[in-house]
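Participant: One letter stands for each residue in the lines below.
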Amino acid sequence: MTLPKEILQAYIDGALPPGEMRRVEDELTVNPEAQSYVAQQRALLHSLRSAFDPILEAPVPAALSDMLARPRPAFAWRHWGLWTALPSAVALACGVLITLSFRSGDIVSTNGALMARGALAKALTQQLASDETGRDATIGVSFRDKNGHYCRTFVTTQALAGVACHEDSAWKIAAVEHVGGTETNGVYRPAGSAMPDFVRSAVTAMLAGEPLDAAAERKQRDAGWR
Amino acid sequence: MLPRLRRFAVSLTGNMTDADDLVQDTMERALRNLHRWQADTRLDSWMYKIAQNLWIDTVRARRVRATVPGEVAEDAAITDGVRTAEARLTFADTCRALAVLPEEQRVVVSLVLIEGLSYRDTADILELPIGTVTSRLARAREALAEKVFGAGAEAKL
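These protein sequence lines map, in sequence, to chains P and Z. Just so you know, we're using our numbering here: the first sequence kicks off at 46 and counts up by one. Just so you know, we're using our numbering here: the second sequence kicks off at 2 and counts up by one.
Next up, chain P with everything else stripped away, as it sits in the complex (with noise of 0.2 Å):
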């Protein structure tokens, strides 16, 4: 019985299923050859791996979780920490959430999907483009998209920019970030165009048709967007 390298590739990166496993492991007994090429190959293994490794364990640079984590970078920074235990999709969500709504509240996250709540979810539901007044967050076109769900472009008072898709009696986001801009009077306002362009290209990949006219935002606004 011959041992092809791709086999003990294979088993070396336990890529066979376990029968093959232990047919391997009994040659290896009887193959030197392929017993000292298991042995290098795990040697260069552990080599990459413990060169690599410390990267996990080292700080972040500021850069980075800033990014993830304005206005208060050394807060989420802890709770960023906290959540990588987490597997990984639950951890990324978790990171953006808590990043995105230790300030406002308004995005969360279940089960692993980023949700509006509280007052960015009541303005989704709610308000129409142009209502000006008494506002949490100023939502901009409304459309169907690719699924038959409504969904509706959003600036919030806390700088997210994103757009939400109400799916199951929920609005579910489907993109945020946090924008520039300048608050007046506790009403935000991005700088230069009213959407950001990540926002446009966001809906544009998403969008089926046109988007809603005053009327038929107005009307889908009274039928609950379903």
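Hint data in this document are derived by calculation from the structure and do not stem from the laboratory. Each residue gets a CB set at the ideal place from its N, CA and C atoms; glycine is no exception. Misleading hints may appear alongside valid ones.
Simulated crosslink set (EDC-like; lysine to aspartate or glutamate; CA at most 20 Å straight-line) [said to hold, decoys possible]:
| id | chain 1 | residue 1 | chain 2 | residue 2 |
| --- | --- | --- | --- | --- |
| 1 | P | K50 | Z | E143 |
| 2 | P | K50 | Z | D26 |
| 3 | P | K50 | P | E72 |
| 4 | P | K217 | Z | E143 |
| 5 | P | K217 | P | D181 |
| 6 | Z | K50 | Z | D26 |
Computed from the model, here is a short list of chain Z residues facing chain P with C-beta under 8 Å [claimed, not checked]:
| id | residue |
| --- | --- |
| 7 | R7 |
| 8 | R8 |
| 9 | S12 |
| 10 | D19 |
| 11 | R33 |
| 12 | N34 |
| 13 | L35 |
| 14 | C96 |
| 15 | L138 |
| 16 | R142 |
| 17 | A146 |
| 18 | F150 |
Far from chain Z, by Cβ distances over 10 Å, these chain P residues were calculated [as the list claims (entries may be wrong)]:
| id | residue |
| --- | --- |
| 19 | K50 |
| 20 | M66 |
| 21 | A166 |
| 22 | S214 |
| 23 | D258 |
| 24 | R263 |
On the provided structure of chain P, position chain Z as indicated by the hints.
Facilitator: Just chain Z, lined up with the frame of chain P:
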């Protein structure tokens, strides 16, 4: 996820500065495109894929692989005072060996050997057949073994 993404970025770029730029670009693109991520797929795979694509773009734009490999070992982020000179030497050797691999082999090494992903997940990220992943990995392993353990160290089977 962020530390793992960072490790992946260092193994791709060969230095901390480019790696952190890459991680930042990756996070930005991911946050902006959450709607494209399908909830039934692995988020880490998706992030690796974004990072990989961004890095390929960077390499094509620059046509260089930045800085001397092994320089990373001098980086304050890694040399935390605990690591010995011997460990740094190993790191520099390993880094240098990794750095001379062709880009398409290095990314396979990064994903399978360093990040510990399965052949299947790696193939999905790189949009390659599994056979291509395993053959690139085999070639990379031989080249690395030769660099790290010296020419002729490769066992003849």
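Participant: Next, verify each hint and record whether it holds.
Facilitator: Going through the hints against the structure:
For the proposed pair K50/P and E143/Z, the alpha carbon gap of about 10 Å is at most 20 Å, so the pair holds. Under the criterion of a C-alpha separation no larger than 20 Å, the hint pairing K50/P with D26/Z is inconsistent with the structure, at around 38 Å. Note on K50/P and E72/P: the hinted pairing holds, with a Cα-Cα distance of about 13 Å set against a maximum of 20 Å. Proposed proximity of K217/P and E143/Z is contradicted: the alpha carbons are some 48 Å apart, above 20 Å.
At most 20 Å may separate the alpha-carbon atoms for a hinted pair to count; K217/P and D181/P meet this at roughly 18 Å. Under the criterion of a C-alpha separation no larger than 20 Å, the hint pairing K50/Z with D26/Z is consistent with the structure, at around 12 Å. Annotation: R7/Z was flagged as interfacial toward chain P, and the flag holds, the nearest CB pair being 6 Å apart, inside 8 Å. Interface restraint check: R8/Z against chain P, minimum CB-CB distance 4 Å, threshold 8 Å, status holds.
Interface hint status for S12/Z: upheld, as the beta-carbon distance to the closest one in chain P is roughly 6 Å, under 8 Å. Given hint, D19/Z at the interface with chain P, is violated; its Cβ is 13 Å from that chain's nearest Cβ, farther than 8 Å. Of the supplied interface hints, the one on R33/Z holds, with its beta-carbon coming within about 4 Å of a beta-carbon of chain P, less than 8 Å. Hint status for N34/Z relative to chain P: holds, with the closest Cβ pair at about 7 Å, below 8 Å.
With a cut of 8 Å, the hint placing L35/Z at the interface with chain P holds, because the nearest CB-to-CB distance is about 5 Å. Hint status for C96/Z relative to chain P: holds, with the closest Cβ pair at about 6 Å, below 8 Å. Checking L138/Z against chain P by beta carbon gives a least distance of about 7 Å; that is within 8 Å, so the hint holds. Because the closest C-beta pair between R142/Z and chain P is about 6 Å apart, less than 8 Å, the hint holds.
A least Cβ separation of about 6 Å between A146/Z and chain P falls short of the 8 Å threshold, and the interface hint therefore holds. With 8 Å as the threshold, the beta carbon of F150/Z comes within range of chain P, its nearest partner Cβ sitting at about 6 Å, so the hint holds. Not every CB of chain Z lies more than 10 Å from the CB of K50/P, the least distance being 6 Å, so the non-interface label is violated. Distance check on M66/P: its Cβ is at least 15 Å (rounded) from any Cβ of chain Z, clearing the 10 Å threshold; non-interface status holds.
With a minimum CB-CB distance of about 17 Å to chain Z, A166/P clears the 10 Å threshold, and the non-interface call stands. Every CB of chain Z lies more than 10 Å from the CB of S214/P, the least distance being 18 Å, so the non-interface label holds. Listed as outside the interface, D258/P is consistent with that label: its C-beta sits roughly 23 Å from the nearest C-beta of chain Z, beyond the 10 Å cut-off. Chain Z leaves R263/P outside its interface by the beta-carbon criterion, the shortest separation being 25 Å against a cut-off of 10 Å.
When the structure is compared with the earlier hints, violations turn up for hints 2, 4, 10 and 19 and for no others.
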